[in-house]
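Chemist: As a plain string of letters, each chain reads:
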Amino acid sequence: MTAESAVGPAPAAFPLTRPGRPRLSKADHRRLRRRYEIGRVAVAIGFLLPNLFFLIVFLLWPLVQVFIEMFQTGGLIEPIRYVGLRNWERIFHDPVVIQTLGNSLRFAVIIIPTMLVLGLLIALVLQNVKRGGATLRALIYLPVLAPTVIAGLIWLFLLDPDLGAFNLFLRVIGAKPLIYLGSTDLALPSVAAMEVWRSIGFWALYFLAALIGMPRELYQAAHLDGANSVQRFRFVTLPLMRRVFLFAIVLATIFNLQIFDSVYVMTDGGPANTTATFVWYIYHALFFFYRTGFGATMAFLLLLIILALSLVQMRLLRRRIGV
Amino acid sequence: MNSSTPTGQPVASEYDIELVEVTKRYGTVTALSSVSLEIEPGEFLVLLGPSGCGKSTILKVIAGLEDATEGDVYIKGKLANYVRPKARDVAMVFQNYALYPHMTVETNLGFPLRMRGASKAEQAAEVARVAGLLSITDQLKKYPEQLSGGQRQRVALGRAIIRKPTAFLMDEPLSNLDALLRVEMRSELLKLHRRVGRTTVYVTHDQVEAMTMASRIVVMRNGVIQQVGTPVEVYAEPTNTFVATFVGSPPMNLFEGRFGSTNGTPVFSGQVTVTLDGRWNGLPATAEALLGVRPEDIVVAGPNDSGTLPGRIELVEKVGAEEYLSVVLEDGASCTVRASIRVAAREGERISLRFPPDAIHLFTQEGLRLKTA
Amino acid sequence: MLTTFSYAVTIVVALACSVPLFYILSTSLKDQQLLFTYPPNWIPSHLYWGNYTSLLFKTPFLRWVLNTLVVASSVTLIKVVFDSMAGYAFAKMRFPFRNALFVVVIMTMMIPFSAILIPLYFIIFNFGLLNTYWALILPPLANPIGIFLMRGFIEGLPNDLENAARLDGVSEFGIYLRIILPLVRPGLVVLAVLTFLTQYTSFIWPLVAVNDQSMQLITTGLATQRSVWQVNYGIFSAGAVMALVPIVAFFLLLQKQFIAASLAGALKQ
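Residue numbers (this note's numbering), protein chains in the order written: chain E, 1 to 323; chain Z, 1001 to 1373; chain W, 2001 to 2269.
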């Protein structure tokens, strides 16, 4: 449709198609298009296939299996039987499960606030450190590089009642040496301390990156408006950091729920399951109790919790920074 | 006039590129609406229109970078809709040049030949030839980021030329250059076209570029072709008010009113009242019409001349050897007049204007050209 | 004033973080018996290399290092290739269900590994691949974060570059190889560092998938030796130091990429 014809002695229409110009039929177009498209889609599939293959076989298929195994029992030494929701019943009545949930909570309460608040503090303070800042930052980040197991081994040594540095230090100042990992009271806090030590560098960096990303103009405007540094912190930094902080909390919680390495190497869940975590118990369900249905149910529960948290995370991200 | 059979056997066609009722939709948005074009060999066809009118989309459809939703595309008589871009034998110069940043100018230029299996010697020879043609021989070893805008543009041109394609497609190649460079490159491009002689389809939103460079102009708006014609045709006989006001700077003045005859003489009355000459005889009276006259055609008359329109100068914009006068006429309508500085206009002065009869355009209320008998 | 406080805090934290590592280093160079000295001396008066020689020659440690390197390198190499290909497809190609598929990819990023531990074990068991390199290399290839990262990097490349290449006669794979890959090199490095780091520190899966002493990785090897080495902290320290040295060296060389990789790995969005 181009210029419509006008009134008047000669229409102002401009000829589009020359008469007698046959066009390709729609049917022909469909046929040729399909061939063309298939070629293109084939190429795309070629690029995607390797990755998709692994994704399906080693991630999605096991996920489906978890769902199925939830309703079964046996597998390793007994034949498989369907037991419906009995696994879920068992889980909620298993005292160890309850204990692991409690432990996870306790871990979270000790680790998350300490790590995040300290991390934020360090980040804030790091901004004022110019000379030697890079070196100091690198030193703070070093523990993050250590695999959790190695960090656990290091702290195992530090916490040794006879040879460890902590008790050595206590002896030097004349205090009574403590039992850390062997004590039902101190084991969990000790492991928690190790986790904090290991991750603080990461969070300091995370918050530092967020702080650096803060728009300069807001600070300048506040400065011009007469705000001093404390006020600037309270009225500019804090509100903007709120979203960053919330995100950090969710992220830290997700990490926290999956604590395994440190517990395995330092205390193996003990003493008396005081450091048993959820994932640690899943591992044991498989290799020591051979109760795969039970383990699968726990795994599914973990999955639900973490999925829920991840969705919260995504919702947080989607919301724009509104001050 | 001729077709190609669905199997793609080319049949002799006098056109290099043809679009037959091509429509392109992106979801619910229609970028091109039943566009038909025949592009003649060797011509310099300019697609002109405002942003978003679909001109770049036409280039992409011709090149195969986008698929037409409906319609046929023929290149040298052969159906091209389902032919891969590399097989269509067209070359494109992109708005942002799209030079490969990690390759030297030399490699960039030779790349199309390399992909087609040319020997190293052939590549080198052609690269040297094209570099000489575009005066970039000194830049061959450099990387794109080391070049100026104008140089990058030449490399982009060179990469297109080196393939000796059926047609060149250029997507606003000059819009990223500064004004001075743009004028220079415009004439260079024209000289190049004369030398190399290949069909060129050139997209721009700058009507000056279109008017100076094109052998034919296609004016587009919202995916619909408004007019196809030589620059003179588009300027002197615009098919609608969009074309009339888009081409020509400052834009054509338009006045509302009605067309009728008084005692056998055709007259336009409304925001302005103008007696028209005999060429409009035979046109039936219309209740609503538009009268158009270009600022450069309006004549500044003496106060005592007959048949003039009195008015008052509101604003004078000095533009070098001319001035653009913004004049308010008796009935409140305003118009723009291009006058030479010799008129010595001053703001607030009274002025008399005359619209020469050959310079008057009439349009329907919807904006379509009314033709003289 | 604020600056002094800032320096004070930073130095204290830096010390708290790094001193234990140096302490381990010093312990690894001390003779086991000397660990009982009181007060403890920081810098051993006499460097004792016995811990290291025991570690390297009397334990399977070197074998573990080899395993770790083989696994980490393989996974990194394969992942970089496959993920960049998939990332390119998602970023620049048009195919049906593209958006839906990508949403699936994003959603799988949220699945914690421990949730699929058990069925994954059985899958590997049923393929007969327990205790092999395959068991360690294949499952990590499923991690979708690589696709996400690469798609992000590739999306940033201007479309006209590939369009120009298409017109120049390059095949789709050619565009991937010659145009896209060279231009996203920083992204490839970030992905490589992230993948390598993840594999190096991987623990629970190798623990589950591999039983033989000779197939252990550095992490699992050291962790499972508690019963064997008991309180020989000297050897443990030597092991810890040797495990850390490559990463620390890597870190000091590639600080920027490391940090980008860690942030990317954690944020996952």
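Please note that a few of the clues may not be correct.
As the list claims (entries may be wrong) - Result set (EDC-like, lysine to aspartate or glutamate): computed pairs, CA atoms no more than 20 Å apart in a straight line:
no.: 1; chain 1: Z; residue 1: Lys-1060; chain 2: Z; residue 2: Asp-1089
no.: 2; chain 1: W; residue 1: Lys-2058; chain 2: W; residue 2: Glu-2155
no.: 3; chain 1: W; residue 1: Lys-2092; chain 2: E; residue 2: Glu-37
no.: 4; chain 1: Z; residue 1: Lys-1060; chain 2: W; residue 2: Asp-2031
no.: 5; chain 1: W; residue 1: Lys-2092; chain 2: Z; residue 2: Glu-1066
no.: 6; chain 1: E; residue 1: Lys-26; chain 2: Z; residue 2: Asp-1089
no.: 7; chain 1: Z; residue 1: Lys-1164; chain 2: Z; residue 2: Glu-1126
no.: 8; chain 1: Z; residue 1: Lys-1318; chain 2: Z; residue 2: Asp-1297
no.: 9; chain 1: Z; residue 1: Lys-1086; chain 2: Z; residue 2: Asp-1067
no.: 10; chain 1: Z; residue 1: Lys-1086; chain 2: W; residue 2: Asp-2212
no.: 11; chain 1: W; residue 1: Lys-2058; chain 2: W; residue 2: Asp-2031
no.: 12; chain 1: W; residue 1: Lys-2092; chain 2: Z; residue 2: Asp-1067
no.: 13; chain 1: Z; residue 1: Lys-1164; chain 2: Z; residue 2: Glu-1040
no.: 14; chain 1: W; residue 1: Lys-2092; chain 2: W; residue 2: Glu-2155
no.: 15; chain 1: Z; residue 1: Lys-1371; chain 2: Z; residue 2: Asp-1358
no.: 16; chain 1: E; residue 1: Lys-26; chain 2: Z; residue 2: Glu-1070
no.: 17; chain 1: Z; residue 1: Lys-1086; chain 2: E; residue 2: Asp-185
no.: 18; chain 1: Z; residue 1: Lys-1164; chain 2: Z; residue 2: Glu-1145
no.: 19; chain 1: Z; residue 1: Lys-1078; chain 2: E; residue 2: Asp-28
no.: 20; chain 1: Z; residue 1: Lys-1141; chain 2: Z; residue 2: Glu-1106
no.: 21; chain 1: Z; residue 1: Lys-1060; chain 2: E; residue 2: Asp-162
no.: 22; chain 1: E; residue 1: Lys-26; chain 2: Z; residue 2: Glu-1066
no.: 23; chain 1: Z; residue 1: Lys-1078; chain 2: Z; residue 2: Glu-1040
no.: 24; chain 1: E; residue 1: Lys-26; chain 2: Z; residue 2: Asp-1067
no.: 25; chain 1: Z; residue 1: Lys-1076; chain 2: Z; residue 2: Glu-1066
If you are wondering where the hints come from, they were derived from the structure by calculation, not from laboratory data.
Chemist: State for each hint whether it applies.
Modeler: Going down the list of hints, with the structure as the test:
1. Lys-1060/Z with Asp-1089/Z: Satisfied, since the Cα-Cα distance of roughly 13 Å is no more than 20 Å.
2. Lys-2058/W with Glu-2155/W: violated (51 Å)
3. Lys-2092/W with Glu-37/E: Given pair Lys-2092/W, Glu-37/E holds - Cα atoms ~15 Å apart, limit 20 Å.
4. Lys-1060/Z with Asp-2031/W: violated (75 Å)
5. Lys-2092/W with Glu-1066/Z: holds (13 Å)
6. Lys-26/E with Asp-1089/Z: This hinted pair is violated, its Cα atoms lying about 25 Å apart.
7. Lys-1164/Z with Glu-1126/Z: holds (11 Å)
8. Lys-1318/Z with Asp-1297/Z: holds (18 Å)
9. Lys-1086/Z with Asp-1067/Z: Judged against 20 Å, a Cα distance of about 14 Å means the pair holds.
10. Lys-1086/Z with Asp-2212/W: violated (55 Å)
11. Lys-2058/W with Asp-2031/W: holds (16 Å)
12. Lys-2092/W with Asp-1067/Z: holds (15 Å)
13. Lys-1164/Z with Glu-1040/Z: holds (17 Å)
14. Lys-2092/W with Glu-2155/W: With a Cα-Cα distance of about 7 Å, the restraint between Lys-2092/W and Glu-2155/W holds, given a limit of 20 Å.
15. Lys-1371/Z with Asp-1358/Z: Measuring from Cα to Cα gives roughly 13 Å; hence the hint holds.
16. Lys-26/E with Glu-1070/Z: Satisfied, since the Cα-Cα distance of roughly 9 Å is no more than 20 Å.
17. Lys-1086/Z with Asp-185/E: The hint is violated at about 73 Å.
18. Lys-1164/Z with Glu-1145/Z: Violated, because 26 Å separates the two Cα atoms, which is more than 20 Å.
19. Lys-1078/Z with Asp-28/E: Holds. Lys-1078/Z to Asp-28/E sits at ~15 Å (cutoff 20 Å).
20. Lys-1141/Z with Glu-1106/Z: Holds, at about 6 Å.
21. Lys-1060/Z with Asp-162/E: violated (77 Å)
22. Lys-26/E with Glu-1066/Z: The hint holds at about 19 Å.
23. Lys-1078/Z with Glu-1040/Z: holds (15 Å)
24. Lys-26/E with Asp-1067/Z: With Cα atoms ~15 Å apart, Lys-26/E and Asp-1067/Z stay inside 20 Å; holds.
25. Lys-1076/Z with Glu-1066/Z: Judged against 20 Å, a Cα distance of about 19 Å means the pair holds.
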